[in-house]
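S.K.: Here's the letter readout for the chains.
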Amino acid sequence: MVVFSGDFDRAMASFIIANGAAAMGSEVTMFFTFWGLNVLRKDENVETDKTFIERMFGRMMPRGAEKLGLSRMNMGGLGQKMIKGIMKKKNVSSLSELIEQAQDAGVRLVACSMSMDLMGIQKEELIDGVEEGGVASYLSSAEEGNVNLFI
Amino acid sequence: MVVFSGDFDRAMASFIIANGAAAMGSEVTMFFTFWGLNVLRKDENVETDKTFIERMFGRMMPRGAEKLGLSRMNMGGLGQKMIKGIMKKKNVSSLSELIEQAQDAGVRLVACSMSMDLMGIQKEELIDGVEEGGVASYLSSAEEGNVNLFI
Amino acid sequence: MVVFSGDFDRAMASFIIANGAAAMGSEVTMFFTFWGLNVLRKDENVETDKTFIERMFGRMMPRGAEKLGLSRMNMGGLGQKMIKGIMKKKNVSSLSELIEQAQDAGVRLVACSMSMDLMGIQKEELIDGVEEGGVASYLSSAEEGNVNLFI
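Chains as they are written, first to last, in my numbering: chain A, 163 to 313; chain B, 163 to 313; chain C, 163 to 313.
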C-alpha cells in the first residue's frame, strides 16, 4: 500500500484497511511518500540540522497525525474538528490510535527515503518504529502482495 | 475497487472501468467510503431522523451523481457544466446512466457501513440496490480480485 | 497503472514507480486518463482544428510535464518552484527526464482515447511515442499485471 496523500481522511482510510487486513492475517506493508510522510511525523519540534528551505517546508507542513486536514470541506480546520467530534462520540479510534494498533499488529511502516531527502525530513522527526526504504523495497513487497493500493 | 473520492471526474473514471471490466466478464465489486458515498445518494431529500450535525453535513455534501463537482477546474460548477455539455454532444453516457448500466451488468455496489455511520448517511438516502458492508467484506473481495484500485 | 491525476507530484510518483519496476525487469503499461493527459502534452502550441470550447479547455490546462502544479502547497507555483529547486540540488531527475527514461526502458505510455475525445486533445499535441487505447486495452493489461495502481 502506498500512502502518498497527507490528508486526514485518506490517512484514516489507509490505516482502517491496513488494520483490517492485518486482523485477517495478511502481512501488510505501508509505504509513505511525499505528503504521506507528514502522517508519520512526531507532533513536537525536533532539533535537526537543516537548510533554510527545508526548515520552511517543515514548518508549513502538518506535524503528525493529529494535525492533518481533510481533503475537502476542511473549512480552515472546522470540518476536521466536526469529523473528529463525531468519531469520538461514535467511539471510532483516532488516527494516532489506529497507527498504534497498526504497529502492534505488525504492520510495517516504511518511509520513502527519496521523499525524506526531497522534503528535508529526518529520521528523528518520525515516530518510532518506522523503517526507511527506497522504491525498490516498495516494489518487491508490492510484487508479493495480492492487494496493492495507491492512496 | 474502493471509491473514496466524491469528485465527478473520479466517479466517472471508476464506473467506466467497472463497466468495462463487467463487459469483459469479470465480477466487479465497488466499495464506497467517505466522500464516495455521495455518489450513491438519491437526489431528493429523504426524511430521516438525524442529529443537528449530521443534518448539516448532509446538507453541505452533494446529493447524488448529478451534483458532484470536478476535482479541479470546477470554477464554481462552470467546468463541470462544460464537461457535461461536451459529454452530451459526444454521446458519452452520463454518470447516472453509467451507474444504471453498472447495476444492470451485475456490478456490486457496497456502501461502507462505518462511513455511513460517521457521516450520518442512512440507507434510505442511497439509491436502490446498494448493499451495506464493512471493511472485512471489502477485504475478502479484494483478496479474490486480480485488479484492485483506490480511486 | 492508471494515471488520472495531472498533479506534478503525483506524476513524479507514478514515473518513479514505473521506472523502478522497469529496472527490475517488469513490463509496465501506464494508462493516462482525464487530467493525466496533460502530463503527456508537448510544451509548445500545436496547430489543430478544434471547436471553441476545446480550444479554451486546451488553453486552461497545463501544457506538458514542466507546467504541472503541485496537488497541495502550490501557492501559485511557488511551492512547485521550490520543489524543483531542491530536486535539482539533490540531482533528482526532472519529470521530463523521468518520462524519457521510461520510454527508453520500454514502458508503454497509453493515452485514453475517450478522454482525448472529451477534452479535445489530439494526437499531435502529445509527445512522440505515445499510443492511443481504450478502456478495454487498459483492462487487458491490468488483468495480466500483478501490481495495479490508480494515481
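Since the hints were made in silico from the structure, they are not lab data.
Hints are not guaranteed to be accurate.
The list cannot tell twin chains apart, which means a pair is met if one copy fits it or any two copies do.
Said to hold, decoys possible - Derived pair list, reagent style DSBU-like, types lysine-lysine, alpha-carbon separation capped at 35 Å:
#1 Lys251 with Lys212
#2 Lys250 with Lys285
#3 Lys212 with Lys250
#4 Lys243 with Lys204
#5 Lys252 with Lys212
S.K.: I want to check one pair: Lys212 and Lys250. Are their C-alpha atoms no more than 35 Å apart within a copy, between two copies, both, or neither?
M.R.: The answer is between: 17 Å across copies meets 35 Å, while 37 Å in one copy does not.
S.K.: Is the C-alpha distance from Lys251 to Lys212 at most 35 Å within one copy, between copies, in both cases, or in neither?
M.R.: between (41 Å within a copy, 14 Å between copies)
S.K.: When no copy is specified for Lys250 and Lys285, does a C-alpha distance of 35 Å or less occur within a copy, between copies, both, or neither?
M.R.: For Lys250 and Lys285, the Cα distance is within 35 Å both inside one copy (31 Å) and across copies (22 Å).
S.K.: With identical chains, the pair Lys243 and Lys204 could be close in the same copy or across copies; at 35 Å between alpha carbons, which is it: within, between, both, or neither?
M.R.: both (20 Å within a copy, 27 Å between copies)
S.K.: As a check of your reading, is Lys252 near Lys212 (CA-CA no more than 35 Å) within one copy, between copies, both or neither?
M.R.: between (42 Å within a copy, 14 Å between copies)
The structure is consistent with each of the numbered hints, conforming to all of them.
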